[in-house]
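K.L.:
Given next are the chains, with one letter for each unit.
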Amino acid sequence: MTTDTNIPIKNTRPSGRLLQQWLTPYYFLTPALAVLTVVILFPIVSNLFMSVHKVQLLKGGEDQFVGIDNYLRLLGSSTFQGSILASLRFTFLSLPLALVLGMAMALVFNEIRRARPVFTACLLVPWAIAPVVTGYMWRWLFHDSFGLINHFLLTVGIIEANIPWLAQPHTAVAATVVANVWRFMPYITIMLLAGLQGIPGDLYEAAHMDGANILERFFHITLPQLRHVMAVVFLFATIWMVNDFALIFIMTEGGPAKATLVVPITVYRFAFEHLRLGRGAAAAMILLVFLLSVSAVFIRVIFSSQRKQTRE
Amino acid sequence: MLLALWITVGCGGDRERHIAGQPTRVVVWDFGGVPGHQEWIKGAVKKFNDAREDIEIELEIRDWATQRESLISSTIIGAGPDIIRCHHKYAVEFGELGGLLPMEQFEDWPEVKARIFPNVLEHVKYKGQHYGVPITMLPFVLAVNTDILARYDLEIPTTWEAMLEVGRILKQHDLHAFTMPAGLNLDTAYRFLALLYGAGGRVFNEDWTRAGFNGPAGKAALGFLLRMKNEGYMPAAAAAYAFDENAAHWSTGRAAMSVEGPWWQDTVLGDYDFDTDHLALAQVPIPAVPLEDNVQGTLLDVVMVAITGYTPVAEEAWTVLKALNVDDPVWQQPNPKMGGIPTLLAAYTPGVESPYIDLAQLAESARRGIGWPGHPAITQVQRHIADAVNLVMSGVASPAEALDQAAIEVNEILSDY
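If you're matching them up, the sequences are chains A and B in order.
So the first sequence is numbered by my numbering: it starts at 1 and just counts up by one.
So the second sequence is numbered by my numbering: it starts at 313 and just counts up by one.
Where hints are given, some of them may not hold.
Unchecked claim - Which residues of chain B face chain A? A few of them, derived with a C-beta cut under 10 Å, are:
| id | residue |
| --- | --- |
| 1 | 380 |
| 2 | 495 |
| 3 | 705 |
| 4 | 710 |
| 5 | 712 |
| 6 | 717 |
As the list claims (entries may be wrong) - Cut-off 30 Å, straight-line C-alpha distance, at most; resulting in silico cross-link-like pairs (BS3-like, lysine-lysine):
| id | chain 1 | residue 1 | chain 2 | residue 2 |
| --- | --- | --- | --- | --- |
| 7 | B | 634 | B | 354 |
| 8 | B | 437 | A | 54 |
| 9 | A | 54 | B | 439 |
| 10 | B | 649 | B | 634 |
| 11 | B | 354 | B | 437 |
Worth flagging that the hints you see were computed from the coordinates, not collected in a lab.
Nothing here was measured: the structure is a model prediction, and the numbers come from that model.
Where is the CB? At the ideal position from N, CA and C, for every residue including glycine.
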C-alpha cells in the first residue's frame, strides 16, 4: 500500500451549509434526547450517586460518601443473596412454562379460521388485568380454607386435606409461578402467533410433499422460523419477570420465610421501609447491571444470527 | 427526588392559608379510620365550617397504609397539612425531625392534658414534650367466639397452658383454638408483641441500645405459637395470613380465638356478618410463670392527632384540633363504629352508656397496655420482628435462631442512633 503525498489535503472543515446539514439530524433528536436524559439518564446517575452514599433522608444531614460499602454489605447479606436466588427461581421456572404453553396456544390459535379476533380478545384478558388485581385474585384462589383450588382438588379426590399453598416456601413459589405464567402466557401467545402467521405456507407444502410429518415440520420449519420472535419474547419476558413486584408482593409479600422475596421487593424494603436509600439504590444498580448484561447477550445472539443469515 | 416528593405531597399544602377577606384555611389529613369515623369527621368538619366564619377546615381522608410515606414527603419538603391524624409512633420519628409541633407551646395544653388518660400521654411523649394529642386507644385483647367454647363446655383460657388444652379439645372437633396473621406483614409483629408483653418481655433493653425481644420471653412466646401451629391448634396457613384472611378464618367459625383490638366488633359485624352476640373480649393469655422481670401487660396502640412543624397557622390548627378531637361529644362515649376507645377520662365515668361489648375488658387492657417503644426507627424494628415470626411459623427456623438473627439486624439499626 502506498501513499501519494502530492495529493492536496482536502479542507475537512465544513462550510456553513455543510455544518447546517451535519447538525440537522441532531435538531430532530434533541427533544427525544432531552426526554431520555430526564426520565432515564438522570434517575440512573442519581441512583448511582445514592448507591455510594449513606443517604440521610430524614435526618437533614449531608449524605456521607461510603464508596462501595453498600455493595459489599449487600453482597455479603444473606437476605440479598436469597433474594437473587428467589428472583432467578421465579423467572426461570415461569419462563419455560409460559413459553411452552404460549407456543401450544399459538399453534392452536393459528389453526382457528373463524372468529379468531374474538378468541384473541378473550386470550388477552389476563394480560390486560392490573397485576395488583391478579395478585389478589390468585391470593384468594390459593387460600387454604376458602380457595377454589383446594376446593376443586378436594372434590375430585386429589388431596385429602387443605394445602396451605401460600404458607409453605416451596408451594408458595409454585403458586406465584402459576399466577405469573397465567398472566404472561397471552403476551407470549400473541407474539408467537404473529410470528407463525409470517411463515410462508409454501415451506410447509414443500415439506409435506417431501414426506415430513407434523413433528418434523414443527422442528424443522416452525421453530427455526420463530427463533427471532422467541428470542425477543424471551428477552422481554426475562426483564419483566425479574422486575416483577406487584404480583408477588400482593400474593405473598415476599414470604413465607422469604421464599418469594425477589430483588425488587428487597429494593423496596431497603429503600422505603428501612429508609436505607443507599443500600436500596445499590441493590437496584445490581439488578440493572444484571438485566443489561442479559439484554446485551440476547441482542448479540439475535444480531449475529441475523448477520449470518444475511451472509448466507 | 425533591420534585417527586413535591408531587407525592400533592402540592396541597402550598396554597395560601391567610387570604384577606377570607377565612383562614386549616388543612387536615385524616389517615385511615373505619367507615364510622370517616362519616363522623365529615359531619364534624361541615358543622365546624358552618359555625365559624374565621376558620375553614379543608379535610382530606387518606389511606392508613400511606401515612409514613406521606409524612416523610411533607416533612422533607416542609409543606403539607396543618393537622394529621396518624399512629402514635410517628410522634417520636417526626417530632425529633421537627415535623411535628410540641403541644407544650399552646397555653391551654395543661387543661387538655388533664382530660386524658395519663399512661396514654406517654405514647406521644419524647424528650419531655408531647408531639400529639392521643385520641383513640387500641388495646390488644383476646377476641373469643363464645359459641364455640360453649358448645364444648370450655372456659376462656387465661394462660398459655390453658390455651393449649383448649386447642387439644377443639382439634378433636376439627376446629382451631387460635388464629392470627403470621405473614410477612406488620399485623404479625403486633400480635407477637401482645404475647411478648404478656410474658414480661420488652422490645429493647433498658437504655434502648440493644434488642430485647430475643430474650427468654420472646423465645417462649414464639415457641408457644410454634407449638400451637405444630399441634394443629391454629391454622397451618397462618404464615400466609394478613388481617383479612385471619378475620375471615375467625368470623366463619373455624377458630375460637384471635388477638385483636376494639375494631374487631365492628369489623366482624360489618364485613363478615358475624353475630356479635357470640363475641366476648378477654385479656390476652399469659404464661403461668412470667419469663422476665418486667411488668406483664398487653400491647396498646394509640391514634393521635398532631400539628405539623411547618404549619403557618399553628394557633388556628390548635383551635380546630380541640374542637374536633377533644370537645366533640363523640369522644365522651365509647362507640365501636369509631374503631377504638376514647382516651378522655370523661368517657369512662359512671353513667356513660356504650354499645361496646366488654368495654371493661378493653379499658382494663388499656390500663395495663404498653406501647411500641417511641424510637425513631420503630417501623424498621417491627419489620424485622415480623420477619422472625414468619420464619418460625413457616417452619424454617427455630424461635431462637429467628429472633437472634432479627436482633442482630435491629442492633445494627440501633447503633445508628
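K.L.:
It remains to establish, for every hint, whether it holds in the given structure.
P.N.:
Hints, verified against the model:
1. Below 10 Å, beta-carbon pairs count as interface contacts, and residue 380(B) has one with chain A at about 9 Å; its hint therefore holds.
2. The interface hint given for residue 495(B) holds, since its Cβ lies 6 Å from the closest Cβ of chain A, which is under the 10 Å cut-off.
3. A least Cβ separation of about 7 Å between residue 705(B) and chain A falls short of the 10 Å threshold, and the interface hint therefore holds.
4. The closest approach between the C-beta of residue 710(B) and any C-beta of chain A is roughly 12 Å, which is over the 10 Å cut-off, so the hint fails.
5. Against a cut-off of 10 Å between C-beta atoms, the interface hint on residue 712(B) is violated, since the closest Cβ of chain A lies about 16 Å away.
6. Here the hint on residue 717(B) is kept, as its CB sits about 9 Å from the closest CB of chain A, short of 10 Å.
7. For the hint pairing residue 634(B) with residue 354(B), the CA-to-CA distance comes to about 16 Å; that is within 30 Å, so the pair holds.
8. Distance hint between residue 437(B) and residue 54(A) is fulfilled; the C-alpha atoms sit about 29 Å from each other, no more than 30 Å.
9. Distance restraint check for residue 54(A) and residue 439(B): the Cα-Cα separation of roughly 27 Å lies within the 30 Å cut-off, and the hinted pair is therefore satisfied.
10. Taking the CA atoms of residue 649(B) and residue 634(B), the gap is about 21 Å. The hint holds against a cut of 30 Å.
11. For the given pair, residue 354(B) sits about 29 Å from residue 437(B) by alpha-carbon distance, which is consistent with the 30 Å threshold.
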